[in-house]
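Undergrad: Residue numbers (this note's numbering), protein chains in the order written: chain R, 1 to 292; chain C, 1 to 292.
Be aware that one or more of the hints could be misleading.
Copies of the same chain are indistinguishable here, so a pair counts whether it falls within one copy or spans any two.
Below, in silico cross-link-like pairs of lysine to any residue (SDA-like), each with a Cα-Cα straight-line distance of 20 Å or less [as the list claims (entries may be wrong)]:
hint, residue 1, residue 2
1, Lys138, Ser208
2, Lys166, Arg215
3, Lys83, Glu258
4, Lys166, Ser212
5, Lys83, Arg155
6, Lys138, Arg215
7, Lys83, Val167
8, Lys138, Arg155
9, Lys166, Gly213
10, Lys83, His108
11, Lys166, Ala211
12, Lys138, Glu22
13, Lys166, Glu283
No lab work stands behind these hints, which were simulated from the structure alone.
There are 2 protein chains.
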Amino acid sequence: MNIAIIGVGLIGGSFALALRREYADLCVIGIDRDADALDDALRRGVINEAASTAAVADCDVILVAVPVRQFPTVLAEIAGYLKAETVVTDTGSTKQDVIAAARAVLGHKISRFVPGHPIAGREHAGVAAAASELFEGKNVVLTPLEENTTESLERVRLLWRACGAKVIEIPAETHDAVFAAVSHLPHLLAFALVDEFAGRPNAKTLFSFAASGFRDFTRIASSSPEMWKDIALNNREALLRELNAYEAQLVVLREALEARDGDALQNLMARARHARDRWMAGELDGFRDEAI
Amino acid sequence: MNIAIIGVGLIGGSFALALRREYADLCVIGIDRDADALDDALRRGVINEAASTAAVADCDVILVAVPVRQFPTVLAEIAGYLKAETVVTDTGSTKQDVIAAARAVLGHKISRFVPGHPIAGREHAGVAAAASELFEGKNVVLTPLEENTTESLERVRLLWRACGAKVIEIPAETHDAVFAAVSHLPHLLAFALVDEFAGRPNAKTLFSFAASGFRDFTRIASSSPEMWKDIALNNREALLRELNAYEAQLVVLREALEARDGDALQNLMARARHARDRWMAGELDGFRDEAI
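For reference, chain R alone in the conformation it holds in the complex (with noise of 0.2 Å):
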């Protein structure tokens, strides 16, 4: 079997050095616009061969793992490369997006586009930080489309178990609007934050006296801008409901607190924590859409 990883980055790289690891008669190709990484992946062993866009006529799989806004212009120029029985998946953050550039260039060839979303990521972006663990126990999300033919969402299914996933399948625009909540605003709440003390005056000292505390809620702001930045534009009307609803909710704690209501305050924080508490105990698990 050959597979091409168009984009040779942490998850392109990752998910070459765990399917390597499963099958060792697998052949990765890697095509990546930057020459340098690409370089890197062979040196490293993450692909067997460095190769550019035509190369993928000689695929069985194509795993697109860019930036969510190169997608149009990858999937233009993989086109008119692919055989009829060519399988592509994508890692992209968004789905809607992704979908829509799939479906203006692949014609009758989306019965075989399968949209994959792996929920898995370091901080540190490139090949250098790729693990053929990073998938291990993660959960590995397919936004699969009503053209999408048994056998190539079996494939694609099976790859990712091979990594190691757990393959859930729900409908794009749902995932869309789960991941503006939990994962794209609190990424831009982050950068936010970090991003104004920096602009201070007294930037220093504020850095000095930060501790664990603020570590951990920013380590997501030392995520990949430029994917960051796909991922907001890509994902925009749903990341803008969120982002008013937590303004709103931010509205209600700075009446209470203008109040001087302690019991409020103390109301949102318990119920906070111990919604928290119950989902790190695996108490909220079950993707079924229910109150708690």
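Given chain R, put chain C in place with the hints provided.
TA: Using the frame of chain R, we list chain C on its own:
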């Protein structure tokens, strides 16, 4: 030497354990409104004796480690028992309010009240989480009063250094302004996010898809609601200023998102990542008022 710890929780208990490790003949007396916590502290060997408030009359040093809203009551209770030479210090996360409470009841004994704030913690409170190494390598901020005797200040410094901490001295007003930004605001923001999700009809779906970014961003939302309600109320003005500044920053972000301004978004994210990476690399240490 006899030391009384009023409030035998995570912080008070860890102070006791660290000092008992250093000073074999030290006698630590625990005082707590919660009789069970006191029994637990005794059983775990955190304190040598459980006692009531009157026992402070036999102590050389008293550490007040209760939620900050309880300071006026606790200080009023102990004021009458203090020997002339007894040094009193505290671990409150806010300082101007604690100092005001001390001034109101201690009279001339204010010269031996040295306000302090150890920058260490864990999200789980209580004496069960106490550990002798909690303050190892951590900062302890003292905000000395102009009335403080040299001897009292030096005694408190030495005790914290014996716990392995690094002692820093700044004015109480600076302390409260800095911690409103780097600690109190992030706690409020984390509690706000978790509570906002917990209140939704699809809360279970949201929490089911939340991953490590959300986990770290909200770690501080598992902190004690009572303690953080107290901090929010007692550092209310500074916290409201920080909340306003953060809300203004969210407006900047929202406008960039509404205008699809990818450059503005990416620049803000890149500034944040750069500042955070410098901070993590130790390049912003120094406690000096400087832009970065």
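Undergrad: With 20 Å as the alpha-carbon cut-off, assign the pair Lys83 and Val167 to within, between, both or neither.
TA: Classified as neither: same-chain Cα gap 26 Å, cross-chain 68 Å, threshold 20 Å.
Undergrad: Given a CA cutoff of 20 Å, do Lys166 and Ser212 count as a within-copy pair, a between-copy pair, both, or neither?
TA: The answer is between: 16 Å across copies meets 20 Å, while 31 Å in one copy does not.
Undergrad: At most 20 Å between alpha carbons: which applies to Lys138 and Ser208, within, between, both or neither?
TA: Classified as between: cross-chain Cα gap 12 Å, same-chain 35 Å, threshold 20 Å.
Undergrad: How would you classify Lys166 and Gly213 at a CA-CA limit of 20 Å: within, between, both, or neither?
TA: between (31 Å within a copy, 18 Å between copies)
Undergrad: Can you give me the call for Lys83 and Glu258, within, between, both or neither, at a CA distance of at most 20 Å?
TA: Cα proximity of Lys83 and Glu258: none, with 64 Å in one copy and 40 Å across.
Undergrad: Given a CA cutoff of 20 Å, do Lys83 and Arg155 count as a within-copy pair, a between-copy pair, both, or neither?
TA: Only inside one copy: Lys83 and Arg155 sit 16 Å apart there, 78 Å across copies, limit 20 Å.
Undergrad: Checking Lys138 and Arg155: alpha-carbon separation at most 20 Å within a copy, between copies, both or neither?
TA: Answer is within: at 18 Å inside a copy they meet the 20 Å cutoff, but 51 Å across does not.
Undergrad: At 20 Å max between alpha carbons, let me know whether Lys166 reaches Glu283 within a copy, between copies, both or neither.
TA: within (18 Å within a copy, 40 Å between copies)
Undergrad: With 20 Å as the alpha-carbon cut-off, assign the pair Lys138 and Arg215 to within, between, both or neither.
TA: between (24 Å within a copy, 14 Å between copies)
Undergrad: First find the shortest C-alpha distance between Lys166 and Arg215 inside one copy, then the shortest across copies, and answer within, between, both or neither for a cut-off of 20 Å.
TA: For Lys166 and Arg215, only the inter-copy Cα distance (19 Å) is at most 20 Å; the intra-copy one is 29 Å.
Undergrad: When no copy is specified for Lys83 and His108, does a C-alpha distance of 20 Å or less occur within a copy, between copies, both, or neither?
TA: within (12 Å within a copy, 88 Å between copies)
Undergrad: Since the copies are identical, ignore which copy is meant and state whether Lys138 and Glu22 lie within 20 Å (CA to CA) inside a copy, between copies, both or neither.
TA: within (17 Å within a copy, 45 Å between copies)
Violation of the numbered hints given earlier is confined to hints 3, 7; the remaining hints are satisfied by the structure.
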